[in-house]
Amino acid sequence: MDLGLLEELTVTGALVGAMYGLVALGIVLIYKTSGTANFAQGAIAMMGAYVVWAFAGAAGLPMWLAIAVAILLMFAFGVAVERTVLRRMIGQPVIMIVMLTFGIELLLRGVVPGFLGSTVKRINLGIPQAPVFLGDMLINRAYLIGGGVSAALIMAAVILFNSRFGIIMRAVPDDQVASWSVGIRVERAIAVAWGLAAIAATAAGVLWGSIQGVNWSLSLLLIKALAIAILGGLDSIGGVLLAAVLVGVCESLATGLLDPLTGGGTRDMAASIIIVTTLMVRPYGLFGQERIERV
Amino acid sequence: MFYRRSGILHLDYRYERQLWPLPFDRLLVATVAILLLAAPFVVNRLYLVAYLLPWLIWSSAALGLNLLMGGAGQIHLGYGAVMAIGAYTSVHLVRFGAPLELAMLAGGLASAAIGIVFGAAALRVKSLYLAMATIAMQYIVDFTIVHLPGVSGGVLATIQVPMVRFLGFKIEGDLPTYYMALLVCAVITLFMLNVDRTAVGRALAAVREKDFAAEIIGIDTFKYKLLAFWISSFIGGVVGSVLVVCYLRSVSPDQFHLDLSVQILAMVLVGGLGSVLGSFFGAGLILFAPIIFEGLIGITAAALGVQINADLKAHLPLMLYGALIVVFLLVEPLGLAKIYDNVRNYFLVWPFRTSRT
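These protein sequences, in sequence, are chains A and B.
1 is the number of the first residue of the first sequence in my numbering; add one for each residue after it.
1001 is the number of the first residue of the second sequence in my numbering; add one for each residue after it.
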């Protein structure tokens, strides 16, 4: 076995994983505050990328402005989804809410490419094509920057959750009524979590969109994000980063080492297998809090 | 009006336990049954094969999923994969010369055996995790089928199904296929109608409502959840084998992608969780709404002289499924079946108003 190839696959995998982690971050944020998983996260990432493309490519705004506008719009979108759809489901069984978010995923996957076009769109972030040499490893510059930005954003989320604001956000899922009684606006905390999740998804969508182009297939990030969220523990933001790197490395190694044997397709399998194994071995993930149900 | 009756008077236990206590309902069921039996001689063959037959098969599949989702309250996002396992198992058995009756059962058993593994992994925790495990199952099964040449015959391969016989009848042409689908659908429907009235059905309902409460009154929650998974996967496998062996007569891996799971999920949700009738309504709406909607849009576009672009047209079904799921979950979580029920309750005591419950 070529050790150089292995190293290269590992580093690339870790960077790619960090970018998946951004999508997972949204799922974890929402789970942490409202206790439900958001199955629409993949489609929201896709929508964010489409919005950036619409402003930068179609409307001709400069890229930084397009991204800023898209982030504002997507924050508003996230808050709006929570306000108009999810809030009406409070008190319903979890299964209903999960299916509702899945319905939103389908709806977005139909509406966004349906109206904005399903052909692959280009987002140019101005990242040069030439790879970076780290020792004797070749690293794709887009992955390097994307992975770096993602890791930074995830770390920012960790720091945010340790601030005063974060303590408020953490209090909400712990006991909604109790947080209400000490003056926390529970609805607003959940809405903000949705907004932040939409921003994280948009960032992921843009980074991925610049690499593989923007079309519906960006919504497939969902399965990877789910794998990361499960592996890291659904309510652990720090866990996202480690799990993201793990999932990315597994995927990259599977692609590099197993694909020649099976004839392709193992990339998407890695995430699924990680989900099932985690559920079997350690259902609450690496850092997740075990939920004890009180009768 | 149609159902008029005053008060509820159960003279004995048998009367109370009837499936259809009202004469009007019995008449309705009989009419529908006769219509379905006579359909091949009344309806144009094209409509029979293009609309009625798929509707029966999808309704059967929706019934199977409904047992799990509506009956036991467990979510399943990979029902297409379950059907795929049944389909491939039975196709290969039929090709090896096994009789169809056996192949169907074996398909069901294979689906149940594999489906239960994924269920067991996730059932230790909450329903949220089940959603993820089943979506992972969809991808794993897809991958396995495509990448095992022994199963799929290759990535792009389509396996033709040889001539089969069922109980001595050749399943060939529209007529036998239709009756075959009708028979399977009728058996599943009868099973579903009756399962609610058995101890198992009541245990499942208890698990659905509150699993730890069920545990406290002595129901082995884990066992019943697994049982629901098993039965539902078995039905899925049988329907998958009917779909492939009798209707499509060929099988390729791309028939069973996530799209199929999504369709069946939408059927169950739109039709009504836990309702037998709802599964039929839901299957009808999900199958035909895109066709009708596309037609309507085509007419409108032609009338207005606007060109509808191909992207929009291609994504229309997905939009509709998503919109239907969201709207029904928000507005009428119990689906079309509940709407039917409301209308029925209204006429039950007409001209008096029903008390709002």
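No lab work stands behind these hints: they were computed from the structure.
There may be inaccurate statements among the hints.
Okay, the calculated beta carbon distance ranges per label pair [what the hints assert, rightly or not]:
#1 A:60 x B:1043: 52 to 60 Å
#2 A:127 x B:1300: 53 to 61 Å
#3 A:127 x B:1331: 39 to 47 Å
#4 B:1215 x A:211: 17 to 25 Å
#5 B:1194 x A:177: 56 to 64 Å
Beta carbons: idealized from backbone N, C-alpha and C, even for Gly.
Taking the hints in turn, this is what the structure says about them:
1. Checked against the given bound of 52 to 60 Å, the beta carbons of residue 60 (chain A) and residue 1043 (chain B), roughly 56 Å apart, stay inside it.
2. Under the hint 53 to 61 Å, the C-beta atoms of residue 127 (chain A) and residue 1300 (chain B), about 44 Å apart, miss the expected range.
3. Restraint check, residue 127 (chain A) to residue 1331 (chain B): a C-beta distance of roughly 46 Å satisfies the suggested window 39 to 47 Å.
4. One distance hint, 17 to 25 Å for the beta-carbon pair residue 1215 (chain B) and residue 211 (chain A), is violated here, with the actual separation near 49 Å.
5. At roughly 43 Å, the beta-carbon separation of residue 1194 (chain B) and residue 177 (chain A) lies outside the given 56 to 64 Å, and the hint is violated.
The structure fails to meet hints 2, 4, 5 from the earlier list, while all remaining hints are met.
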